[in-house]
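> As you go down the protein sequences, you meet chains A and B in turn. Just so we're aligned, residue 5 is where the first sequence starts under our numbering, counting upward by one. Just so we're aligned, residue 5 is where the second sequence starts under our numbering, counting upward by one.
Take the hints with a grain of salt, since some may be wrong.
All copies of an identical chain are treated as equivalent in the list; a pair is satisfied when it fits inside any one copy or across any two copies.
Capping the alpha-carbon separation at 16 Å, the derived lysine to aspartate or glutamate pairs in EDC-like fashion look like this [to be verified]:
hint : residue 1 : residue 2
1    : LYS99     : GLU29
2    : LYS99     : ASP11
3    : LYS99     : ASP79
Read the hints as simulated data drawn from the structure, not as lab findings. Fair warning: this is a prediction, and the values are worked out from it, not measured in the lab.
2 protein chains.
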Amino acid sequence: MPPRKADVDRVFHALGDPTRRLILERLTAGPVSISRIAAPLQMTLAAVVQHVQLLEESGLVQTEKSGRVRTCRIDPAGLAVAAQWIANRRSTWEKRLDRLEDLLSDSGQ
Amino acid sequence: MPPRKADVDRVFHALGDPTRRLILERLTAGPVSISRIAAPLQMTLAAVVQHVQLLEESGLVQTEKSGRVRTCRIDPAGLAVAAQWIANRRSTWEKRLDRLEDLLSDSGQ
Chain A
5 MPPRKADVDR
15 VFHALGDPTR
25 RLILERLTAG
35 PVSISRIAAP
45 LQMTLAAVVQ
55 HVQLLEESGL
65 VQTEKSGRVR
75 TCRIDPAGLA
85 VAAQWIANRR
95 STWEKRLDRL
105 EDLLSDSGQ
Chain B
5 MPPRKADVDR
15 VFHALGDPTR
25 RLILERLTAG
35 PVSISRIAAP
45 LQMTLAAVVQ
55 HVQLLEESGL
65 VQTEKSGRVR
75 TCRIDPAGLA
85 VAAQWIANRR
95 STWEKRLDRL
105 EDLLSDSGQ
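In isolation and in its complexed conformation, chain A is listed as follows:
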């Protein structure tokens, strides 16, 4: 099933924020609790929770609560949506360049 347009919107909106990309970079090394994500960041825990929620809603992060600790991990679905959108744009654009090149080489003969 191709990703819905809304998913692409949510994923790129989420990736558009440097703090959220920093959180994702942190999580690529392995699951981390929200309080450990928050520790090095210059913001309130509530602000970090909001960023994580937005990442979760976009399919970029999964979270799981165990007792009082919420652990976050990468959700591969969101990155796949973004990678696919970029790959499709590049592919359309490159095919157009190939056709242009063919036209130019035909007209040069």
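We have chain A already, so just place chain B on it with the hints.
Here is chain B on its own, set in the frame of chain A:
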């Protein structure tokens, strides 16, 4: 030369806006003038110019003025920066999963 951090920030900020992604989608089919980009959009020409400027500053679009017409085309550099960032995150994350799998299969023996 690896992309500077600032470039990644600019590219993802640019891609985070649905109008700017729409403009990029339009340009993958070929170069288009700013006024033709603006025609189907529900916004002023000035607003479209601002979006295009931001896309240009991010390395996602190149523009060229000929007389009174400014033509926009895809700049592959920006999409490459975004694709590379995503690919690096996925690769780090997948390598971690592979190591985890190895550990689990070792401990199962």
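> Between the shortest in-copy and the shortest cross-copy C-alpha distance, which are at most 16 Å for LYS99 and GLU29: within, between, both, or neither?
between (32 Å within a copy, 14 Å between copies)
> At 16 Å max between alpha carbons, let me know whether LYS99 reaches ASP79 within a copy, between copies, both or neither.
Between copies only: 15 Å across, 31 Å inside.
> Go through the copies and call it for LYS99 and ASP11: within, between, both or neither, with a Cα cutoff of 16 Å.
neither (26 Å within a copy, 26 Å between copies)
Checked against the numbered hints given earlier, the structure breaks only hint 2 and satisfies all the rest.
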